[in-house]
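Sequences and hints are given; from them, build the entire structure.
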Amino acid sequence: MKKSPQQEKLEALLKSSKFSMCGFMGDDKRNLWEVIDTDATAIEKLGKKQEEIAARMQHLTDLAASGLGDWVQVGKNLQVSADDNRGMIPCPWPHHKRCLKRITTARHSATGRTIRWSDLNIHLIKEHGFFEGRGSPFRIEPQELVKIIFCE
Amino acid sequence: MGTTAVAIFIISGVGAFLATLLVFAERVITNYGDIEIDINSGEKKFTVKGGGSLLETLNAQKIFIPSACGGRGTCAYCKVRVTEGAGSLLPTEEPYMNAQERAEGIRLSCQVKVRNALKIQIPESLFAIKEYVCVCEKITDYTYDMKQFNLKLVDPPTIKYTPGQYIQFLAPAYEGSPEEVYRAYSISSDPADKSTIELIVRRVPDGICTTYLFDHLKEGDRVKINGPYGQFLLRDTSVPIIFIAGGSGVAPIKCMLHEMKNAGNTRKAIFFFGVRTTKDLFLIDEMKNFEKELAHFTFVPAVSQPEEGSNWQGVTGRVTNVAEDYLKKQSDAKEYEGYLCGSPGMIDSSIRVLTACGIPEEKIYYDKFS
Numbered sequence: 001m002k003k004s005p006q007q008e009k010l011e012a013l014l015k016s017s018k019f020s021m022c023g024f025m026g027d028d029k030r031n032l033w034e035v036i037d038t039d040a041t042a043i044e045k046l047g048k049k050q051e052e053i054a055a056r057m058q059h060l061t062d063l064a065a066s067g068l069g070d071w072v073q074v075g076k077n078l079q080v081s082a083d084d085n086r087g088m089i090p091c092p093w094p095h096h097k098r099c100l101k102r103i104t105t106a107r108h109s110a111t112g113r114t115i116r117w118s119d120l121n122i123h124l125i126k127e128h129g130f131f132e133g134r135g136s137p138f139r140i141e142p143q144e145l146v147k148i149i150f151c152e
Numbered sequence: 001m002g003t004t005a006v007a008i009f010i011i012s013g014v015g016a017f018l019a020t021l022l023v024f025a026e027r028v029i030t031n032y033g034d035i036e037i038d039i040n041s042g043e044k045k046f047t048v049k050g051g052g053s054l055l056e057t058l059n060a061q062k063i064f065i066p067s068a069c070g071g072r073g074t075c076a077y078c079k080v081r082v083t084e085g086a087g088s089l090l091p092t093e094e095p096y097m098n099a100q101e102r103a104e105g106i107r108l109s110c111q112v113k114v115r116n117a118l119k120i121q122i123p124e125s126l127f128a129i130k131e132y133v134c135v136c137e138k139i140t141d142y143t144y145d146m147k148q149f150n151l152k153l154v155d156p157p158t159i160k161y162t163p164g165q166y167i168q169f170l171a172p173a174y175e176g177s178p179e180e181v182y183r184a185y186s187i188s189s190d191p192a193d194k195s196t197i198e199l200i201v202r203r204v205p206d207g208i209c210t211t212y213l214f215d216h217l218k219e220g221d222r223v224k225i226n227g228p229y230g231q232f233l234l235r236d237t238s239v240p241i242i243f244i245a246g247g248s249g250v251a252p253i254k255c256m257l258h259e260m261k262n263a264g265n266t267r268k269a270i271f272f273f274g275v276r277t278t279k280d281l282f283l284i285d286e287m288k289n290f291e292k293e294l295a296h297f298t299f300v301p302a303v304s305q306p307e308e309g310s311n312w313q314g315v316t317g318r319v320t321n322v323a324e325d326y327l328k329k330q331s332d333a334k335e336y337e338g339y340l341c342g343s344p345g346m347i348d349s350s351i352r353v354l355t356a357c358g359i360p361e362e363k364i365y366y367d368k369f370s
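Residue numbers (my numbering), protein chains in the order written: chain A, 1 to 152; chain B, 1 to 370.
Errors might be hidden in some of the hints.
To be verified - Think about it this way: if two alpha-carbon atoms lie no more than 30 Å apart in a straight line, the pair counts; the simulated DSS-like pairs of lysine-lysine are:
| hint | chain 1 | residue 1 | chain 2 | residue 2 |
| --- | --- | --- | --- | --- |
| 1 | B | Lys79 | A | Lys9 |
| 2 | B | Lys113 | B | Lys152 |
| 3 | A | Lys126 | A | Lys76 |
| 4 | B | Lys261 | B | Lys329 |
| 5 | B | Lys62 | B | Lys152 |
| 6 | B | Lys224 | A | Lys15 |
| 7 | B | Lys138 | B | Lys218 |
| 8 | B | Lys113 | A | Lys3 |
| 9 | A | Lys76 | B | Lys279 |
| 10 | A | Lys97 | A | Lys126 |
| 11 | A | Lys97 | B | Lys79 |
| 12 | A | Lys97 | B | Lys224 |
| 13 | B | Lys279 | B | Lys334 |
| 14 | A | Lys15 | B | Lys113 |
| 15 | A | Lys15 | B | Lys79 |
| 16 | B | Lys194 | B | Lys152 |
| 17 | B | Lys113 | A | Lys9 |
| 18 | B | Lys224 | B | Lys44 |
| 19 | A | Lys15 | B | Lys279 |
| 20 | A | Lys9 | B | Lys49 |
| 21 | A | Lys2 | B | Lys113 |
| 22 | A | Lys126 | B | Lys368 |
| 23 | B | Lys194 | B | Lys130 |
| 24 | B | Lys224 | A | Lys9 |
| 25 | B | Lys334 | B | Lys292 |
| 26 | B | Lys113 | A | Lys97 |
| 27 | A | Lys97 | B | Lys368 |
| 28 | A | Lys126 | B | Lys79 |
To be verified - Pairwise CB distance ranges, derived in the manner of DEER restraints:
| hint | chain 1 | residue 1 | chain 2 | residue 2 | range |
| --- | --- | --- | --- | --- | --- |
| 29 | A | Glu44 | B | Leu18 | 42 to 50 Å |
| 30 | A | Gly112 | B | Gly105 | 53 to 61 Å |
| 31 | A | Trp71 | B | Asp141 | 45 to 53 Å |
| 32 | B | Ala5 | A | Trp33 | 35 to 43 Å |
| 33 | A | Gln6 | B | Ala7 | 28 to 36 Å |
| 34 | B | Leu18 | A | Asp27 | 27 to 35 Å |
| 35 | B | Leu18 | A | Thr114 | 51 to 59 Å |
| 36 | B | Ile139 | A | Arg113 | 31 to 39 Å |
Claimed, not checked - Over 12 Å on every C-beta distance to chain B, these chain A residues come out as not near it, computed from the model:
| hint | residue |
| --- | --- |
| 37 | Lys3 |
| 38 | Ile36 |
| 39 | Thr38 |
| 40 | Thr41 |
What the hints contain is simulated information worked out from the structure, not anything from laboratory work. All C-beta atoms, glycine included, are put in the ideal place defined by N, C-alpha and C.
Okay, structure coming up:
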């Protein structure tokens with residue numbers, strides 16, 4: 001399928017390291033739409049929807065933010081904390097969305113497994129179904145994410 | 001075989017012809033000649049070769065418009081008001097403009113091409129912004145994720161700034177990050193030393209600029225900064241001050257304390273510095289020195305979740321709660337000015353605490369990390 005100029009610009013931006021080290025696509029050889037489609041299939045198999053996952057991530061981020069940097073207990077098995085960093089990061093899609101450079105860490109108390117996401121990750125999943133490409137520092141594996149954030 | 005060679009020859013020839021045509025078009029057809037740019041109704045005028053973006057054209061004239069995306073039209077930081085000569089709003093700008101901005105002629109300077117004489121309006125403060133070449137003189141490790149960088153200015157050799165302001169640091173391309181980027185950091189130095197800029201930086205996991213600063217920058221390396229920017233300034237009054245900061249938010253407060261010391265300022269001031277664990281504490285000795293050097297200054301480090309066995313003897317609790325406890329005991333609490341620097345969550349929480357203690361919101365000044 002031939003890509004439109006807008007799609008080409010978007011993919012170039014996602015590969016650029018201007019906003020995210022190694023770019024949002026990392027070293028993934030697949031094109032953007034393959035990445036999105038593969039992850040969409042994965043979350044469907046898990047019985048979840050991208051909006052549901054993003055809503056849960058946002059809820060946990062809000063709880064974490066209330067701790068002002070401290071760990072916050074969520075239910076029996078989950079702890080979350082949020083760290084703010086200076087600045088904002090824009091969404092690479094062509095709309096005026098900028099996110100705080102906040103990183104939420106979720107820790108499963110029993111297994112010790114942790115997963116982290118940025119505010120931009122939440123937006124990218126909710127609005128664009130994009131979990132980032134393999135090799136990107138902020139790539140989130142849907143299976144791992146779902147396992148931890150819904151573990152309560 | 002012969003047919004293949006001829007085909008390759010023809011394709012190569014067509015390609016070479018098109019490339020030549022493009023170069024010709026670039027040089028002749030898109031040659032806009034000399035173009036005048038008028039800034040702030042004649043306050044500054046210069047003539048430039050047309051064809052470039054307004055952002056890069058202004059940068060070449062040493063007028064630095066903040067930009068985080070390097071002119072890709074995605075950060076929307078580089079807005080300027082163009083009153084004449086820019087043509088209509090481009091599709092690449094539309095998502096970033098609200099109705100009022102459209103009505104006022106606000107444009108993304110990275111998207112506006114310099115093709116006709118332009119009249120633009122920019123804030124006066126941007127004229128004072130310069131680019132500085134510096135040498136990284138010293139790197140100090142504070143904690144596992146916090147370092148201080150002392151940058152000696154080379155060209156120009158001195159800088160004038162007001163305590164509380166920040167600069168933009170240019171991280172050059174390096175392995176794993178092939179493009180240069182700018183990031184903002186508050187100045188923490190003693191403003192009496194106009195030849196050095198000191199930055200206190202916390203490592204952002206997989207952050208482009210902090211990875212450069214922490215893993216690649218070495219003492220003796222040359223770097224570039226531009227600035228100063230920002231309006232987070234110490235007000236010239238005599239009322240007591242409450243400073244609240246977390247992590248690297250200490251930087252502008254430290255700069256303000258230097259300024260108070262230099263000026264012999266005798267204002268009553270208290271600084272609540274919040275961290276999560278004792279491993280996150282730093283600058284304690286420097287702050288104790290300020291306590292000796294400033295007549296009425298008190299430093300209160302607060303640890304919210306001290307590690308088991310850390311034997312922490314100081315104040316335990318969230319910095320906002322600790323500040324609230326203090327203010328509740330002050331009969332003159334509503335006289336205070338608040339100066340806050342840290343995460344948006346900490347700032348919002350601090351504002352709630354300070355206003356609940358009677359400090360009017362207009363007397364609370366802050367630098368949110370956003």
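With a cut-off of 30 Å on the C-alpha distance, tell me whether Lys126 (chain A) and Lys79 (chain B) pass. Within the cut-off at roughly 28 Å; holds.
Has the hinted range 28 to 36 Å been met by the Cβ atoms of Gln6 (chain A) and Ala7 (chain B)? Check passed, 33 Å falls within 28 to 36 Å.
Assuming the hint says 31 to 39 Å, is it satisfied by the Cβ distance from Ile139 (chain B) to Arg113 (chain A) or not? The hinted range 31 to 39 Å holds for Ile139 (chain B) and Arg113 (chain A), with Cβ atoms some 34 Å apart.
Verdict on Lys3 (chain A) as a residue remote from chain B, using beta-carbon distances over 12 Å: Answer for Lys3 (chain A): holds, closest chain B Cβ roughly 17 Å.
CB of Leu18 (chain B) to CB of Asp27 (chain A), is that within 27 to 35 Å? Given about 32 Å between the Cβ atoms, the range holds.
Given the proposed pairing of Lys113 (chain B) with Lys3 (chain A), does the C-alpha separation stay at or below 30 Å? Roughly 26 Å between the alpha carbons, so the hint for Lys113 (chain B) and Lys3 (chain A) holds.
Quickly compare the C-alpha distance for Lys224 (chain B) and Lys15 (chain A) to 30 Å and report which way the hint goes. holds, 25 Å
Please work out if Lys126 (chain A) and Lys76 (chain A) have their alpha carbons no farther apart than 30 Å. holds, 27 Å
Checking the smallest CB distance to chain B, is Ile36 (chain A) really beyond 12 Å? holds, 19 Å
Is Lys97 (chain A) close enough to Lys126 (chain A), meaning Cα to Cα at most 30 Å? holds, 13 Å
Proposed proximity, Lys329 (chain B) with Lys261 (chain B) (alpha carbon, max 30 Å): Holds, because 27 Å separates the two Cα atoms, which is no more than 30 Å.
For the pair supplied as a hint, Lys15 (chain A) and Lys113 (chain B), confirm whether the alpha-carbon distance does not exceed 30 Å. Given pair Lys15 (chain A), Lys113 (chain B) holds - Cα atoms ~25 Å apart, limit 30 Å.
Hints 2, 13, 19, 31, counting from the list given before, are not met by this structure.
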